[in-house]
Each structure stands twice: as structure tokens, then as C-alpha cells.
Amino acid sequence: GVRSQLKMKKELLQKHVEERNREMHNLVNALEMMNARVRSISDANIARMIMELETGGNIRFEDGKPTDVWFSSCVDLVKSRFHVEDFSAFGVTDIRVVRVS
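This note's numbering applies: residue 7 is where the sequence shown begins, and numbers increase by one.
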């Protein structure tokens, strides 16, 4: 009858509300992770700018790209100074440069 139809509609609505609540929870988690990442990047950039400011411009940081000649030179220098025997006790067998500034 009418009561059973209303009960089915109510259950369906509750199911949809629960799904939307789960989606909202996932979105809030994603937003919090993005906010934390943005804060971390901002803090790093502020630290770099403060270093440049405190040195009166004598030190300038520039993000390198793998296509920059000096990027490759820095990577080569770091890799040439890495000695596996110094780090083998810690389980480190190689070094990978992910960013050059």
C-alpha cells in the first residue's frame, strides 16, 4: 500500500543521503590533503625567498628543468660525489636527484 511505498522511498532517500555523505567525506579529505601540500610548498618558497633577501640578493634560487645545461651538471656532480660504500650500511644503493634549485 501507500505506507510500503513511502517506506521504500524513505529507504531510497536514506541510501542516497549516505552515498552523498561518503562523497562529501572523500572530498573533504582530498581538500585537506591539497591544503597541506599547498602549505608545504608555500613554506618552502617563503624559506627560499627569505634566504635570497637575507643575502642581499647574492644568492638566488632558480628551479631547474632537466633541459637546462646546469641542471645536468648539478646532477652529475651530486652523483659523482655519492659513494655506495658510505651508505650501504643503511641499505642505500643509489641516489636519484629529483629537483635542482
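Honestly, the hints are just simulated from the structure, not real lab data. Since the model is a prediction, treat every value here as computed from it, not as a measurement. C-beta: ideal position from N, C-alpha, C; glycine also. Treat the hints with caution; some may be incorrect.
What the hints assert, rightly or not - Ranges of calculated distance between the beta carbons of each label pair, as one might list FRET restraints: (1) I101 <-> L19: 54 to 62 Å; (2) N27 <-> V98: 41 to 49 Å; (3) I65 <-> K21: 54 to 62 Å; (4) R43 <-> P72: 18 to 26 Å; (5) N32 <-> T73: 50 to 58 Å.
Results for each hint:
no.: 1; hint: I101 <-> L19: 54 to 62 Å; in the structure: holds (57 Å)
no.: 2; hint: N27 <-> V98: 41 to 49 Å; in the structure: holds (45 Å)
no.: 3; hint: I65 <-> K21: 54 to 62 Å; in the structure: holds (60 Å)
no.: 4; hint: R43 <-> P72: 18 to 26 Å; in the structure: holds (22 Å)
no.: 5; hint: N32 <-> T73: 50 to 58 Å; in the structure: violated (37 Å)
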